[in-house]
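Build the full structure now, drawing on both the sequences and the hints.
From first to last, the protein sequence lines are chains H and G. Quick note: the first sequence uses our numbering, first residue 1, plus one each step. Quick note: the second sequence uses our numbering, first residue 1001, plus one each step.
Treat the hints with caution; some may be incorrect.
What the hints assert, rightly or not - EDC-like, lysine to aspartate or glutamate: derived pairs with alpha carbons at most 16 Å apart:
#, chain 1, residue 1, chain 2, residue 2
1, H, K6, G, D1014
2, G, K1150, G, E1105
3, G, K1152, G, E1105
4, H, K9, G, E1013
5, H, K177, H, E189
6, H, K6, H, D28
7, H, K177, H, E133
8, H, K6, G, E1030
9, H, K9, G, E1105
10, G, K1147, G, E1105
Said to hold, decoys possible - Stretch-level coverage of chain G by chain H, calculated; a stretch enters the list once three of its residues show a Cβ under 8 Å from a Cβ in chain H:
#, region
11, 1029 to 1043
12, 1056 to 1064
Calculated directly from the structure, the hints in this document are not laboratory data. Keep in mind the model is a prediction, meaning the values are calculated, not measured. We treat Cβ as the ideally placed atom computed from N, Cα and C, and that holds for glycine.
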Amino acid sequence: MSGTPKISKAEADAASRVAADRFRLAADEDGLVDVAIATMPSPVGELLVAVTRRGLAAIAFDDDSRDELVERLADELSPRVVEAARPTDETRRELEEYFAGSRERFELRLDRRLMHPFAKQVLAATARVPFGEVTTYGTIATRIGHPSAARAVGAALGSNPIPIVVPCHRVIGAGGKLTGYAGGLHRKEYLLELEGAMAPRLGTEPWTSTS
Amino acid sequence: MRTRLPPFESVLEDTRGTVYRYLVAAVGREHADDVFQETYLAALRAYPRCTEAARLDRWVLRIASRKAIDHHRRTARAPIPVADPPEPAAVTVEDAGEAVAAVAELPQRQRDAVTYRHVLGLSVAETAELMECSPETVRANAYQGLKSLKGKIA
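As structure tokens, then:
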């Protein structure tokens, strides 16, 4: 068929898929990508990471609404959102090390523009809870000077755009209950076990199904 | 109010097939990939200032058509690598139908009208919007284009 002006939709789809990948590489090389997105496998399911020139802006779990997140990135940061692996190399490497047990602290630069002002305060306090330790909503509330705002703290943690790296999983209920996690309690439990902050329960496995 | 633009990644995914088909018709299969790159790099560069959020497919196709024209200007200046230069390459058409070269050699508006209408299968109204002209102009250009294609092929 080569030499004729028409190609079938299926052929065009296949050829343009390859061409689009080539374009993504060139776009990154030309510095045209404002928000680079990439996915990576992890013991808590595939993760989507979003990185800007300022740093890591977002991480999403595979059952989060990714389309919604990517639209939010376009809306609030820049519409130049493109799949590009290279800008996310550092993030993916540190996350891999964390899951392999060889990293306790992340050294990534963060882009906090997706955090609302109150959440920014809450998450800054949360970022100081060390690996392997937990704290309570009330303690964080007190630490940011709003001792009665435990519930608002919970909501702010639930809006954390950068879970795992900003360790909102280390904040639990006063009675020692895990209470809640935007990524699902099973993930919170897994992360705390990984960090040795919680005794492993028999039969607890990295999951593949939903909670 | 600021226009809400979707992530460029979804524009790319939604339009790449159509743009590729258009480019195969406009510049030929062997150049489609390169002009595809030029098209989307230009689109990404201009994207934050794009005011056509509602018609992004048309917006990208218009850029593709400008890049196809640039391509023809470049190659028109360069010697054309055909065996018998005086004889238009379009005459050596296979029975499959219109050759890329034949479409590519049409005047720009005829080429666009033929490509949008008969290669991409857009309606007259859609083509008119894309070419920024009246439906009558689309019909006239598509008719003239097809007529001279038939002349070349016959």
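The hints, checked one at a time:
no., hint, result
1, K6/H / D1014/G, "violated (19 Å)"
2, K1150/G / E1105/G, "holds (13 Å)"
3, K1152/G / E1105/G, "holds (10 Å)"
4, K9/H / E1013/G, "holds (14 Å)"
5, K177/H / E189/H, "holds (10 Å)"
6, K6/H / D28/H, "violated (31 Å)"
7, K177/H / E133/H, "holds (14 Å)"
8, K6/H / E1030/G, "holds (13 Å)"
9, K9/H / E1105/G, "violated (24 Å)"
10, K1147/G / E1105/G, "holds (13 Å)"
11, 1029 to 1043, "holds (count 7)"
12, 1056 to 1064, "violated (count 0)"
Violated hints, listed in ascending order, are 1, 6, 9, 12; each of the other numbered hints is respected by the structure.
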